[in-house]
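Model the full assembly from the supplied sequences, consistent with the hints where possible.
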Amino acid sequence: MTTRTEATQRAVEDAAAVLGQQIHRARHDHNLTAGELAARAGVTESTVLAVEAGSTGTPIGAAFTLAVVAGVRLFQLGDYDLITQERIRGQQELALLPHRVARRRIDVSTDF
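Numbered by numbering that gives the first Met the number 0, the letters in the sequence shown go through residues 0 to 111 in order.
Simulated from the structure, these hints should not be mistaken for laboratory data. Keep in mind the model is a prediction, meaning the values are calculated, not measured. All C-beta atoms in this analysis are idealised placements derived from N, C-alpha and C, irrespective of residue type, glycine included. Honestly, I wouldn't trust all of these hints.
What the hints assert, rightly or not - Pair ranges (Cβ atoms, derived):
(1) Thr109 with Ser45: 55 to 61 Å
(2) Thr43 with Arg88: 33 to 39 Å
(3) Leu81 with Ile105: 39 to 45 Å
Rendered as structure tokens:
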């Protein structure tokens, strides 16, 4: 198992922060309080505030739900039919991949 590098951690934190900022901006554009957005999304107000603050400990489903309810475009695709098409295309591509990744055997010579 590998550990996360500092660059990986930074990328995750940046992505969470950007999504949170977009949700915060969209919420204000629609004149919604955090409580109102929470009620529409079926989450708690504290979840809204955590996502908007860029928390990486919030479930991704909750963050995506808040984004959709607030009107944030996910993956630069504004039309959710396009996201569905991308999901199906991805499933078709993944179905062609082997189910397991074989580890490469490294033969080590013990002849010295």
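Taking the hints in turn, this is what the structure says about them:
Take Thr109 and Ser45: their Cβ atoms lie about 59 Å apart, and the range 55 to 61 Å holds. Distance hint for Thr43 and Arg88: a CB-CB separation of about 34 Å, consistent with the stated range 33 to 39 Å. Under the hint 39 to 45 Å, the C-beta atoms of Leu81 and Ile105, about 43 Å apart, fit the expected range.
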